[in-house]
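Q: Here are the chains, one letter per residue:
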Amino acid sequence: MNTKDIYREIINEHNLHPSHKGEINDPSYELDGVNPSCGDKIKLQFKIDENGIIEDAVFSGSGCAVSQASCDIMLDLVIGKTRDEAEKITEAFMRMIKGEASEEELEILEEAEALADIAHMPARVKCAVLGWRTMEKILKENRRETL
Amino acid sequence: MNTKDIYREIINEHNLHPSHKGEINDPSYELDGVNPSCGDKIKLQFKIDENGIIEDAVFSGSGCAVSQASCDIMLDLVIGKTRDEAEKITEAFMRMIKGEASEEELEILEEAEALADIAHMPARVKCAVLGWRTMEKILKENRRETL
Amino acid sequence: MTNVFKNDFEILHDDKYIYFDNAATTQRPRQVINAVSEFYRTINSNPLRGLYKWSVESTQAYENSRRKIAEFIGAKDASEIIFTRNSTESLNLIAYSWGLNNIKKGDNITVTILEHHSNLLPWQMVSKVTGASLTYIECSPDGEISDEEIISRIPSNTKLVSAAEVSNVLGVRLPIEKISKRAHKVGAVMVVDGAQSAPHIPIDVKALGADFFVFSGHKIMAPMGIGVLYGKSELLEAMPPFLHGGEMIESVSRYDAVYAPVPEKFEAGTVNAAGAVGLAAAIDYIKSIGFDTISQREENLCRLLIEGIKTIPYAEYYGSKSAETHSGIVTFNIEGCHPHDVASILDTENICIRAGQHCAQPLHEHLGIPASARASMYFYNDESEVERFIEALKKVRSWLGYEH
Amino acid sequence: MTNVFKNDFEILHDDKYIYFDNAATTQRPRQVINAVSEFYRTINSNPLRGLYKWSVESTQAYENSRRKIAEFIGAKDASEIIFTRNSTESLNLIAYSWGLNNIKKGDNITVTILEHHSNLLPWQMVSKVTGASLTYIECSPDGEISDEEIISRIPSNTKLVSAAEVSNVLGVRLPIEKISKRAHKVGAVMVVDGAQSAPHIPIDVKALGADFFVFSGHKIMAPMGIGVLYGKSELLEAMPPFLHGGEMIESVSRYDAVYAPVPEKFEAGTVNAAGAVGLAAAIDYIKSIGFDTISQREENLCRLLIEGIKTIPYAEYYGSKSAETHSGIVTFNIEGCHPHDVASILDTENICIRAGQHCAQPLHEHLGIPASARASMYFYNDESEVERFIEALKKVRSWLGYEH
Ligand SMILES: Cc1ncc(COP(=O)(O)O)c(C=O)c1O
Ligand SMILES: Cc1ncc(COP(=O)(O)O)c(C=O)c1O
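Residue numbers (the working numbering), protein chains in the order written: chain A, 1 to 147; chain B, 1 to 147; chain C, 1 to 404; chain D, 1 to 404.
Some hints could be false.
What the hints assert, rightly or not - Calculated cross-link-like contacts (lysine-lysine; reagent style BS3-like; alpha-carbon spacing at most 30 Å):
#1 A:Lys140 to A:Lys126
#2 B:Lys98 to C:Lys232
#3 C:Lys16 to C:Lys104
#4 D:Lys76 to A:Lys98
#5 A:Lys47 to A:Lys21
#6 A:Lys21 to A:Lys137
#7 C:Lys287 to C:Lys128
#8 C:Lys53 to B:Lys41
#9 B:Lys41 to D:Lys232
#10 B:Lys88 to B:Lys137
#11 D:Lys104 to C:Lys128
#12 A:Lys4 to C:Lys395
#13 B:Lys137 to B:Lys47
#14 D:Lys53 to B:Lys4
#15 A:Lys126 to A:Lys47
#16 D:Lys104 to A:Lys126
#17 D:Lys128 to C:Lys128
#18 A:Lys4 to A:Lys47
#19 B:Lys126 to D:Lys395
#20 C:Lys16 to B:Lys98
#21 C:Lys104 to D:Lys128
#22 C:Lys287 to C:Lys16
#23 C:Lys128 to C:Lys178
#24 D:Lys68 to A:Lys126
#25 B:Lys41 to D:Lys53
#26 C:Lys395 to A:Lys21
#27 D:Lys68 to D:Lys232
#28 C:Lys68 to C:Lys105
#29 A:Lys98 to D:Lys128
#30 A:Lys98 to D:Lys185
#31 C:Lys128 to D:Lys105
#32 D:Lys104 to C:Lys104
#33 C:Lys181 to B:Lys126
#34 A:Lys41 to C:Lys128
The hints are simulated quantities; they were obtained by calculation from the structure and are not laboratory data. Everything numeric in this text was worked out from a predicted model, so none of it was measured.
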């Protein structure tokens, strides 16, 4: 897919009409992610229940369409999944961006697979992974900024 | 003149059979000159009488043929001259080495004129002027290391 | 291709591409590329200490370049020109060698809010190491600096003032003469960052009142990897060396060394003679074009581009309203579109621009914009490119999914 | 011209010239010259932050070069490779960034007496600034270093040891593995100056025990103005930046900055991407020749040259008696003839050699010679050149006025 198609077919919709943009009142976890080179700032809020299932998740902040859309798509994918499943999806995404993902991995990425061609825009990779890296930290470090 | 001719016609003789190499016992002035890039070291000793006439002058030390010969030729020229005349000759030599000397200046340089082509060997210019710079300092600064 | 100014730039012959990132680095004409190749093909050797023909010729070529640069910027003597890698290294050399040795706690350093990081971080470093304060001269939204700012931000304890002659974001020329006058009044040393001015306007370091002046070869059509530091003789002579190594000494013993006179004192290690030769060729080239032509063409292109932007709803540009004070640089934003997306989309149209903060984060903060897109033109760009650029820009919002 | 190894070196096609100053700088094959020109003609742009095709491609070319170098010297990861201007800058970077921050009064720094000034003056500087002692490992007249010297000159308070892998005067390879073993035993960091080894022998930084390794592009057929610093990740990551400016930061505020990760942290300002591309081409070229061929040819030429010198009365050469340990370098003197005169006379025969102290004054003092002449050969030199050289050398004394 060329750049314009990626925008048209996937990024624009998620950027302009995100499903998961907003704030929630009682997140279990909250973390800021920054991409200093372009000034992108994202805040993720996650609500995870006692069984490790991601009940709800939202993002807020400003940034380029790639980072916003990628974040929205990511949340689409992980809401309702377990912490472990979300980690697996993240790994798959990171590998896809590096062009190293297997067939299986691509499959679990569903809509996010459309971002594969971002790998051809190396300068934008940082934008695409911003939300993912931030989520990865939440999942791995269990960091609680608020409870 | 090409380099080999300069050596053959002027440098070798003065280098191998210098007229003014040695030490004197009661110099009026004495000064060391060093050309660090090639390790050349020269010591000049001058005997100048009350009328400012250079009665005698010698050099010692080690160095390349160009610096040794240039020094010997220089002393040839200035012995018997006054301090002022020697300064004038030095100026003329420096200008000649830069390729800027006038006809007149070249004339007073006598045998030293043969070193003019050193200017085409820029790396050797430092060698050629070592003795001259040292003499210049003696004349200008009237420095007495011993009396 | 009817634009004759592109003739010498092979990379620009493919009209498909529009190169509007000249403030980042310019293109090199074949005269420069060939001068470098020619050096390697005919006299390549290590200059300075050589006793054979090639080395003598390399030395001459290298020193000719030094003289040419001295003349180009109005230095008193060629020995005031130090070859470095780029402006950044030149500024660091000043910071380490002059700054750390002449600035102390209680002193002040002044810069402007328009600086490129390369003319900011070295002074942050000196300020942190020495305890000296760091003060900013602020500018109005269009990049103007008032006389009051100059006076009040250069207090009497100021030891060094450093300012860009031309901003790499707004393209505006700073009032360097006024700044240096104030700097000298309080006894401070004046550093001028000419990275963005040397490609566009004639330089006279004396008229600028610059004690130090730096610029980068690659922004003035020379090869990458060669830059210039000009410093007044008295200053350079009193400064300790920065890098230590071969070629910058008179003599070395086990525990001590005697340094060579300037400029060698500051040029440790094997020099980039081929780069210097390329820079000399670039200076010849820029002279053959002429600064009058350069600024006329840039002004015209800036005017067209600004007019075009004005016709686009949701688009705004920054800096002065008048095209003459843009040095080929027009920085802009399109509402609702992040500059990175703008650049990515324009790339699909083969238009090369930069997006982000252009190594000038404090200025972006000061202007209240998180990031921006920058089109920077040079004399070899032309009207048809600006037109194509504007046409593409008009469509960016729709490519990014907006209805209008 | 029957020597096929000269084919790619246009400057060597004129058989009139004999270039025996390869330890100062090598010649560049057309593959390297063309790679640089090609970069400028096709994808020239400022790498690292670009959002358009050329900039992406420049970035890839630049980073490919980094990977190629990492592989060439056996680094674990490409991020352990920092681009600098030359070995001298690499060594200064270590001295300023690691040295000044990790060495203090009471500590010791050890170097060898064979060092080039570029691997000596930075440590003199660190020693003076910090008050640490500076200790020399001495060598025998033929350049051998004994185990006892290594042990006794690297005492337990040693924080850093720096040694050339190959001497630029004697051509001898130093026992780096033994030195680094001792250095690590006392907890010191090991710096290896590969300026004269990288052109001649395969490098494996792990096998050498090098914590840092440096070399210069221009001595390995790459363009001038590009050099390499290898550093172990853990070390580089813990070190503060050296030069401050654009491209080496994550974010900058008015009074503070967050630095980028390695390697960017150490590459301030616009990088020399064309130089890096040239260096990558040089590495490809050297691999295509092969180190086996290189050392075979050098050994053979050294043997011939040494045998030739032995036949000349009044001539003596320095270093090992065996040609294998000369890395193409034969340093010599002719009694009664100052090396500068020897070089000037050989120049009239179009033979290019170096004379003086080769930026190694302490070694010359140690060997008890005021200066020397140096013939340094590379694989593209050949037997007929050595023969012509020896013929000329035989006549030097008579050209300088001696009867025999
Ligand atoms: C052993 C050694 N180290 C360091 C250097 C310095 O290299 P450069 O001048 O490229 O910085 C040289 C060569 O000049 C050398 O031979
Ligand atoms: C105003 C200004 N100063 C300094 C620099 C740094 O130049 P370089 O990256 O060539 O060191 C730049 C360009 O990047 C610049 O625009």
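Q: Against this structure, judge whether each hint is valid.
A: Verification of the hints:
no., hint, verdict
1, A:Lys140 to A:Lys126, "holds, 20 Å"
2, B:Lys98 to C:Lys232, "holds, 24 Å"
3, C:Lys16 to C:Lys104, "violated, 54 Å"
4, D:Lys76 to A:Lys98, "holds, 19 Å"
5, A:Lys47 to A:Lys21, "holds, 14 Å"
6, A:Lys21 to A:Lys137, "holds, 19 Å"
7, C:Lys287 to C:Lys128, "violated, 42 Å"
8, C:Lys53 to B:Lys41, "holds, 26 Å"
9, B:Lys41 to D:Lys232, "violated, 45 Å"
10, B:Lys88 to B:Lys137, "holds, 13 Å"
11, D:Lys104 to C:Lys128, "holds, 20 Å"
12, A:Lys4 to C:Lys395, "holds, 12 Å"
13, B:Lys137 to B:Lys47, "holds, 15 Å"
14, D:Lys53 to B:Lys4, "violated, 58 Å"
15, A:Lys126 to A:Lys47, "holds, 25 Å"
16, D:Lys104 to A:Lys126, "violated, 40 Å"
17, D:Lys128 to C:Lys128, "holds, 22 Å"
18, A:Lys4 to A:Lys47, "violated, 35 Å"
19, B:Lys126 to D:Lys395, "holds, 25 Å"
20, C:Lys16 to B:Lys98, "violated, 54 Å"
21, C:Lys104 to D:Lys128, "holds, 20 Å"
22, C:Lys287 to C:Lys16, "holds, 28 Å"
23, C:Lys128 to C:Lys178, "holds, 28 Å"
24, D:Lys68 to A:Lys126, "holds, 24 Å"
25, B:Lys41 to D:Lys53, "violated, 60 Å"
26, C:Lys395 to A:Lys21, "holds, 26 Å"
27, D:Lys68 to D:Lys232, "holds, 17 Å"
28, C:Lys68 to C:Lys105, "violated, 39 Å"
29, A:Lys98 to D:Lys128, "violated, 48 Å"
30, A:Lys98 to D:Lys185, "violated, 40 Å"
31, C:Lys128 to D:Lys105, "holds, 23 Å"
32, D:Lys104 to C:Lys104, "holds, 22 Å"
33, C:Lys181 to B:Lys126, "violated, 41 Å"
34, A:Lys41 to C:Lys128, "holds, 28 Å"
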